[in-house]
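Asker: Take a look at the letters that make up each chain.
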Amino acid sequence: MHTLLAEPRRSIYFDYQVFPVHTASVGASQVERHPVVIVGAGPIGLTTALDLARYGIPSIVLESEQQVSEGSRAIVFTRRSLEILQQVGVAHRVTAAGLGWRFGNSFYRNQRVFRMEAPHDPDDRFPPMTNLQQPCLEQFLVDACQANPLVELRWGNKVDQLIQAEDYATLEIDTPNGGYLLQANWVVAADGARSAIRSLLGLKLEGASYEGRFVIADIKIDLDLPTERLAYFDPHWNPGNTVLMHREPGNIWRIDYQLPRDETPEQALSAESLRERINAQLGIVGVENPQWELDWCSVYSARALTLPNYIHGRVIFTGDAAHLLPIFGVRGANTGFQDCHDLGWKLSLTIKGLAGPGLLDSYSTERVAAAREIIAEAGKSTRFMTPPTPGHSLVRDAVLSLSLTQAFVRPLYHWRTSRAHDYVDSSLNCKDDDNSSFEGGPRQGAPLLNIQLGEDQFLFDRLGASFYLLYFTDAAEVPKDIQAQAQALREQGVPLQILVVAGQQQTHVSGADDLIDDRCAHLRNKYAAVAGSAYLVRPDQHICARWHQLSGQALRNAIETALGNE
Amino acid sequence: MKQKQLTTTDLENVYDQLADALDQTAQGKREIFLVKLALLSAQALGDAEQFRELTCAALLDL
Chain A
8 MHTLLAEPRR SIYFDYQVFP VHTASVGASQ VERHPVVIVG AGPIGLTTAL DLARYGIPSI
68 VLESEQQVSE GSRAIVFTRR SLEILQQVGV AHRVTAAGLG WRFGNSFYRN QRVFRMEAPH
128 DPDDRFPPMT NLQQPCLEQF LVDACQANPL VELRWGNKVD QLIQAEDYAT LEIDTPNGGY
188 LLQANWVVAA DGARSAIRSL LGLKLEGASY EGRFVIADIK IDLDLPTERL AYFDPHWNPG
248 NTVLMHREPG NIWRIDYQLP RDETPEQALS AESLRERINA QLGIVGVENP QWELDWCSVY
308 SARALTLPNY IHGRVIFTGD AAHLLPIFGV RGANTGFQDC HDLGWKLSLT IKGLAGPGLL
368 DSYSTERVAA AREIIAEAGK STRFMTPPTP GHSLVRDAVL SLSLTQAFVR PLYHWRTSRA
428 HDYVDSSLNC KDDDNSSFEG GPRQGAPLLN IQLGEDQFLF DRLGASFYLL YFTDAAEVPK
488 DIQAQAQALR EQGVPLQILV VAGQQQTHVS GADDLIDDRC AHLRNKYAAV AGSAYLVRPD
548 QHICARWHQL SGQALRNAIE TALGNE
Chain B
-19 MKQKQLTTTD LENVYDQLAD ALDQTAQGKR EIFLVKLALL SAQALGDAEQ FRELTCAALL
41 DL
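Protein chains in written order, with this note's numbering: chain A, 8 to 573; chain B, -19 to 42.
The following block holds chain A by itself, in its conformation from the complex (with noise of 0.2 Å):
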């Protein structure tokens, strides 16, 4: 029997709420099967279970501890993220807690070397970047879960065995009061880093770790800075390597500084040692005999690891749980949102019966895809922030005293940040389409892009569970036979909406589920469309298809394409 930790953790911002444990299920006479049992309610285990949730699928979460995780942990959520998050319905309270940002700053020799802008179009809903704490985001999704009928969460209770069956897994689950078993017909292991279900099923994560090792600490300390992000390279007081700050809401700061190579955890994470450095580098910015208070701290190591293969029989593999990838340009929980929001609609239609054989494929190759291209793309920015060798940290060197005078180099410091995927080469995708001949607009495989529609109005908050045909039209009626077609394919299961883009003020177009009123052309002219064109859209948001003009045949064989009968 595991035992829990029983006392609400310490925070200085955070109040920690403890859970009851399930016992329940300890001693019933029959074993249960639930169609889904996810193992972790970290912020990727509970968006997948509002996910499921959204297409009516029911889901059981265990998580082995009895409240949120401990310390700010993942703190920078990308715009793609909080798009995610708006389908779950989180994101208005992330928005509200949280502190967007769009700039950031790399130092040597206290001279600002690099600044990053991100890019912030007036058609997106959300900054770039939003920094929350993980407990508090973690807590809204918890509030979320607990609101939803269809979701249960299972506190203090931890998977200690996993049997596959052919169409099903048992799993051994115990609690502070004794163990149980509950079947599942799919097993989702969102168990973080150091996930149980990985070691259960003994598999090995494939790629490098670095050697680079960081403090990561919070401390409540009032400063005046703009929430940017903030980089010094060989501080003086910490020779050759790197130290980063980021502002979190309720005047905390993240202070993340690379160890000496020769130092344990333990020397680091001493108390002597974090006052010494943190006062240092808070000299840095400016703050003579600071004042501050110490939320949490603990030591990281950079990763770049994925497994080859995120579905294993019955149990799919999400998240951390699924990979490892380094914190430089926010990629940890930003691409574990990106893998649930791809897995949720296709468990979904899987598990409804419409999906095709390779539906539920397709989320481990696009997701392993996008894996192993951000470990290619975090490998560049890692090797800089921390070189693994004597000759990267010469050239690393050499670089940081060039940029003071040579702008040719500051490109070097940008690190490449968490991006939505774009599915270019996905099974899902139509072949036949007019992709390669439009003239702009998001391609197949992107994201839909946002677009503002009004005050406080956008066209992400009118999508929800389901495949969406943006249909561009002067016309008062949707052809026929594409009605025709939606109509059939609906009364199969498939989700689908047909959401008219109108040119001509039209009020009313019939065939249409929902209607956008674009008489000044702006929704047109940025997805490159006229009238008559069409873009059909996954329940993900990524775009499977897009025509200058659509038939209702090319309708449906591209929805049967997307839903993985090829």
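Hint data in this document are derived by calculation from the structure and do not stem from the laboratory.
Note that the structure is a prediction, hence the values are computed from the model and not measured.
Here a beta-carbon is modelled for each residue, glycine too, at the ideal position from N, C-alpha and C.
Check before you lean on any hint, since a few could be wrong.
Stated by the list, open to error - One-sided and incomplete, this derived list gives chain A residues near chain B with beta-carbon spacing under 10 Å:
#1 L312
#2 L401
#3 V402
#4 D404
#5 A405
#6 S408
#7 L409
#8 Q413
#9 F415
#10 V416
Claimed, not checked - Counterexamples of contact, computed for chain B against chain A with all Cβ distances above 10 Å:
#11 L(-14)
#12 D3
#13 Q23
#14 L25
#15 A28
#16 F31
Position chain B against the provided structure of chain A, taking the given hints into account.
Answerer: Same frame as chain A, but now just chain B:
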């Protein structure tokens, strides 16, 4: 691609400049000085492939 070539006089000047610059550089800073110079030269060259070939040539017979 054939680049402009240094005259013997130019090469002699480069030889002395490089030697003087290395002597001016504190011991322990010579490596970083040479890497900076290599990066500046690569930028002036504007040809990554040619820089790769030069790197290979410089690795010979060390």
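Asker: Are the hints correct? Go through all of them and say.
Answerer: Do the hints match the structure? See the list:
1. L312: violated (30 Å)
2. L401: Holds. Min distance 5 Å.
3. V402: Since chain B brings a Cβ to about 6 Å from V402 (chain A), closer than 10 Å, the hint holds.
4. D404: Given a least distance of 6 Å, the restraint on D404 (chain A) holds.
5. A405: holds (4 Å)
6. S408: Holds: closest Cβ of chain B sits about 6 Å from S408 (chain A), inside 10 Å.
7. L409: This hint holds: L409 (chain A) lies near chain B, its Cβ roughly 5 Å from the closest one there, short of 10 Å.
8. Q413: holds (7 Å)
9. F415: Holds - the Cβ of F415 (chain A) comes within 10 Å of chain B, reaching about 5 Å at its closest.
10. V416: For V416 (chain A), the interface hint holds, since the closest Cβ of chain B sits about 7 Å away, which is under 10 Å.
11. L(-14): holds (23 Å)
12. D3: holds (19 Å)
13. Q23: violated (5 Å)
14. L25: Given that every Cβ of chain A is farther than 10 Å from that of L25 (chain B), nearest at about 12 Å, it holds.
15. A28: holds (13 Å)
16. F31: Per Cβ check, F31 (chain B) is outside 10 Å of chain A; nearest 13 Å; holds.
Of the numbered hints listed earlier, those contradicted by the structure are 1, 13.
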